[in-house]
Each structure stands twice: as structure tokens, then as C-alpha cells.
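Visitor: Position chain B relative to chain A; hints supplied.
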Amino acid sequence: MSYTIWILLTATLVGINCGLVGTFLVLRKMSMLSDAISHSVLLGIVGAYMVSHQLQGVSMLIGALLVGLLTTFLVQLLHQKGVQSDAAIGVVFTCLFAIGVVLISLFADRVHLDVEHALMGEIAFVPWDVLEVCGQSIGPKAIWLLGFVLAINIFVIVFAYKELKISSFDREMAITLGIPVVLIHYVLMGMLSLTTVASFDSVGAILVVAMLIVPSATAYLWTDRLSVMLICSATIGVLASAIGYMGATAFNVSISGAIAVSTGVIFFVSLWIAPKSGLLWKWIKKSPA
Amino acid sequence: MNPLVVEQVTVAYDRQLVLEDVSFSVPEGKLVGIIGPNGAGKSTLMKAMLNFIPRMHGNVFVYGKPYEKQRHLVGYVPQRNSVDWDFPTNALDVVLMGRYGHIGLWKRPRKEDVDIAMQCLDKVGMLPYAKRQISQLSGGQQQRVFLARALAQDASVYFMDEPFVGVDAATEKAIVQLLNELKMRGKTVLVVHHDLQTVRDYFDYVLLLNKRVVAFGETESVFTYDHIQKTYGGKVTFLSSTHIVG
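Protein chains in written order, with the working numbering: chain A, 1 to 289; chain B, 1001 to 1246.
Pulled out of the complex, with its shape left as it was, chain B reads as follows:
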């Protein structure tokens, strides 16, 4: 049974279609890059799958059941700039938020949850910053805190919105390492991504998106010059053939 099946998702803002008939199905343990130009609806797709914005129609199934019934299996890493980093809290506290689903409504975190949060901070190399106020972290460190939070959530399917934006090289490396570790553990990860140069290195599958699905499948066979041209409307000229094997 595939961990994620998306059927004919359509989204409209003010009666204008921004996503049309998006369908795809992801096998277990794959890293999937969602690629497309600005305004292609990459983030919108993620938000629509997670019910932040209403879908005009379409269904999202997680391990065979509607997403609404399987929330606990899904982890989400929002864009870093979607939260206020001046919020009075520290790195450990943010990671602990990943445990809230396990702790249950209205209950307090247990020691066990704190231990898990600490381990997750350690995995992304942020243990020394556990008690640091989040506004005093660099952009890359903030992103790592978000990833540690996703780890703490211990989900089966992860949605990550542009995790590589504005991070330093060390963080980029840490994220890639983490993605591979998740994959090893049989997790399925969808990543909204904008850097075409790294697609082949990072992802097993790609979803080329421009309001509709241009192509979906294994990176090897789908990430071709033709498909990319089609997705970007012929505006991609800077890629050398080493990055795309057509």
C-alpha cells in the first residue's frame, strides 16, 4: 500500500484555478522533490494536502485512509519564515512541540518526551543550543531546529516546504544526511525544492509541477530536459548537461 496517494486535487483562489487535477502516488521510503517555477503551486499543493487551504475537490490518502484520519502519521516542516522567531521560547521547546501529537491534547510533556527532543536536537547537531532563545539562532540553525522537531514527531510521511532556502552549506549537508536517514528508516519524504542543480543528487522521485502535473516518476527517467523546459515554459537555459541527463 502506498504511503501517499493524491487524487485529482484542484485548488482555486477567487475562482482562479491555481492547481488543477493533481494526481500522483508515492511508494514507501522515497525522497520526492516537488519542482516547478514560482507560482506553480508547489507550496499551495502542500497546504492543500494538509488542509490549511480548502481543496475544490480531490482526495489525499495516507496509507490507504483519508489524510484527516491519519494526521498522526504525517509530519510537516513549514517554511522557516512562516513563524515569528522572536516568540519567547527556546530551541528545546520548539522541538518538544513535535511531541505534542504523542502527548495528547491538554496533557503535559513527560520526561520521556524531553529526552526524545534532546536526542533529536543532537541528531541535527544542535544539542549545545537547546536552551538558546530561537531568535538568537542563525537561519540554518533555525531550519535544523525545525527538522529536529519533525524527527521528534516520528511520522511516517513528511512534508517539507523549501527546507534548503537560505541555509549555509553545513546545514544543507545536515539536511541531506537527515533525508537519507529518514529514507533508510522507511519514511517517505516530500520536499518542495527550487534548486534544479541538486535534484538528481537528492531525490529518488520528482514531481514536476506547473499548476498541473507535468511529469511524475523516478528522477532518472522523468527529470529530463524536455520535461523541465515544459515545466518552466522554456525559461531554463542555465543548466548544463551534467545536471540533466536527457
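Pulled out of the complex, with its shape left as it was, chain A reads as follows:
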């Protein structure tokens, strides 16, 4: 039974982390940057392995953080040099990801890390990879990692709430007020890198994008308050995790796949019934009574 609980807890933590960070990505119209970072952190993980010969823990977080920030920086740099911003994203992340892939294939025989795992994740294995302190198991490593990143995310959002808000809404005004918008941008990208790498094991690089963007885009339909949107987005992430897991066990399909599909289903349902902009209400209003 505790097997189920660990998986659900992992998915829940992924949902909350991604929901919180994703909200700011959606509002800053940087959704595609999450796609970029979720791929390029693979290079960070491989790089961390090359340095520390470990696949988990602090070294992996640092590796992902560095490459995540490098991605952000390179995208910005190319954009400033006159490359269109979406093209800049496309160039940077494919290159960094590809370097990661090449490096993995170099070490393939010595390390349990493969491209498929990185892309798809395998949440079903999470409960078996436990953290041990003095020979005593204290729960899966993924839970500790996700919990640690969640603490960072919540701390930053609570601490810098108004700065995040104004720099997302009105960057120029924020600059005139002396708010360090560039620092805030990089802190947010750092949070995104950490969130991505912590979620990597469970849902993989591709589906982490779904968890980052879809719940936030859904929450955007339901509310017109930033604080509510954050809570709503995290809740939808958790809901999708629970529904996805139940669906996966019922039909014996990929857990992470089912979770991502659930986010999509919740989004499309919301698109119709959300009070603010629901298509259903518009449709009812339009059709003659």
C-alpha cells in the first residue's frame, strides 16, 4: 500500500512545484522556455555525473541549475544579436540537449541513464530508490528532492511576491522603481531548472512541460487574481496527478503519460465551463432561447 502512497506523493509534489513555477511562465509568456530548459538540463545531469559520478542529489541539482541558467543566458544573447526569440530558443536547447545525448551514449555502458528514461521518466520506480540514513530508510530520494525544491519555490514566491508580480505585469515600471528585474528573471529560471530536474525522474523532460504549462494555463481560465491562480494551478496539478495515477492503474498504462493526459482533459473541460471565459456560456448566450 505504501507503494501507492509514495507514487501519489511524488506526483503531488511534481504537480505543486510545476503549478507554482508554471504560473509565472504562462504570465510572462515564456512557456516555450520551459520546453527548452526541460531538455537542456539533461546536459546538466550528464555533466554532473561526469564530475561527481553520481546521478542524484545535490550535484545533479547544481548541474541542472547551471545549464538551465546557461540556456536562459544564451537565448537572451542570441536574441540581442538579432535572432528571433523563438528561433533562439530552438537553436539553444536542441544543441545543449544533443550534447547531452552524445555524452550519455559515451557513458551508456557505465551508467544507468538513458535518453528514453530522461524523456519519459518512470515514476513507477520512484518508491524503490530510497534514501538511507544510518542504514535506516527515510523514504524515496525523489520525495526528498522534490520537497527540497518545493521549499525553495515557496520561499522565493512568498519572499518576492510583489517583485515577481510587477516584473511580470509591467517590466518597465518595475525598472523605474529600482526592482532588479534581471535578477528576478534569472531566479525564476533557476527555480524552473530545479523544478524540472527534480521532476525529471518521475515524469520526464517532455511531460514536465505539460505539468508546467497546462495546469497554469487552466488556472488562468478560472481566476483573475494572481494569488488564487497560483493555488489553483498547484491544485490542478495535484488533481491531474491523482486522476492520472488512478487511470494508469485501472488501464495498466504509463503513469506519467496518464497524468499528462489528465492535465489536458482538465484544460479542455475548463475551456468550456470556466466562469470567466467558458465557451459553453458564450455559446448558450449566443444561441436563441
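For the record, the hints were derived by calculation from the structure and aren't laboratory data. Note that the coordinates shown come from a computational prediction; the quantities given were computed from them, not determined experimentally. Heads up, some of the hints might be wrong.
As the list claims (entries may be wrong) - Only pairs whose alpha carbons sit at most 20 Å apart, straight line, appear in this in silico EDC-like list of lysine to aspartate or glutamate:
no., chain 1, residue 1, chain 2, residue 2
1, B, Lys1069, A, Asp224
2, B, Lys1131, A, Glu116
3, B, Lys1211, B, Asp1021
Unchecked claim - Covered stretches of chain B, going by a simulated chain A footprint (3 or more residues, C-beta under 8 Å):
no., region
4, 1045 to 1052
5, 1069 to 1078
6, 1105 to 1118
Using N, Cα and C, we set each Cβ at its ideal position, and we do this for glycine too.
Guide: The following block gives chain B in isolation, referenced to the frame of chain A:
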């Protein structure tokens, strides 16, 4: 000491000069209109003064010190379309942003800040809409929210980028009233403006700009037919003599 002194500001995009050697100095308590054709660099000048875009060279002094050291004295009202009005927030929240400089980094707004924000909303006639989601406001109402935010900032020098664009008559009136109130309180206000017909009514000073300063000074003496022709390259024909006394 003049509240705003601009010295030889030059800006280039891709090595092409868009502003050249712009210098002027504004006395305290004046309303200044920045006038010029499209592409004359009006908004660019404002952005360069506020450091949104780099200046190739030139200095901006606010009350005798470089702008960078006097940010807290400067309020900015951006063009209305420069922000995403679908952002999940309400009118009061936006006005409260004007208080962020006073509140300080990483700190929370106090009740006092909320009270000030409410008063500012009241001044622009937007109190009933305080809790309204900003996307549900009309263009004029959105502009008034921006002005209330500038009021809440309680700055000494204001920069406003095209506040009259796309607003209804009532809002236009409210803005003019507000500009005069700011002036009464000794504030200095620079406004990027495009409607030549109202220049004489609204502004004490004008800066006629077309990549360079064509003329700067009191509206009475500077806003002349010759200067306007020079600024617009002879393309202004629709103005009657009642608007320009040459």
C-alpha cells in the same frame, strides 16, 4: 535647481542614430509636451532617459543628481498597450504597484499604502472599480488606473507616454485636470503628445522633436508655425491659425 536637465542624449539602433544630441532643461512645476512626427524618437527619448534602452552618450539629471540616484523622485506612466491587460489582477492592485518604491524591496504593502491607493483611485473617479479585473475596464478607465498609480507613487517628476491615446472625452478631461493638479503641487510633468490642436491648451512648455531638438521653450513663444513646419517637414497643413499663433 531645475528638476530635469537633459544633456546631449544620443541613442542609436543598429548604428543608426535615432536621437541626436538632445538637450533641454525644465523648470519646476511645468507641464511639458513632447511633440513630433511618428518616428521622431519621442518615446525613445523617454525610454532612454529612464534607462530602458542604452544611451550612446548623454546625461539625465533629476534635481541636480544623475537619474540613477534619483529614481524615487521619478514617476512613469507607460503607453497603455505596453502591458498585458489580461494579467490576473484588479485595479486596486495595479495602483498599489505605485507604492512599491515606498514599501521597499521584499516587503509587504501596509494598510497605509492601501489607503493611499484607494484615495488615488478616487481622485481619477475609479473608486467604484477598485476590485474590477483590469481586462474588464474600458481603454479610458485603464488609462485612469495608470494615472492613479502614478499619483500613488508621489514622485516629483513625471514621465507620461501618450496618455491621451484612445481615451474617451471624460478621461481626457480627467487627465487634464490631474495634470493641472500635479502642476499646482509643484510637480514637473513631461508628456509625449501627438495632438497638435490641444498643445496650446495643455502645456506650458513644448519640446519639438525630430531626432534632434527643433525647438524648446515656453509654448507661447516656441509653438510657432515655422517651428512646427520644421519639425514635421512641411507636412502639417490641417492646422488653422486659431491653434497656432505665430
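Visitor: Name the hints, by number, that the structure is in violation of.
Guide: 1, 2
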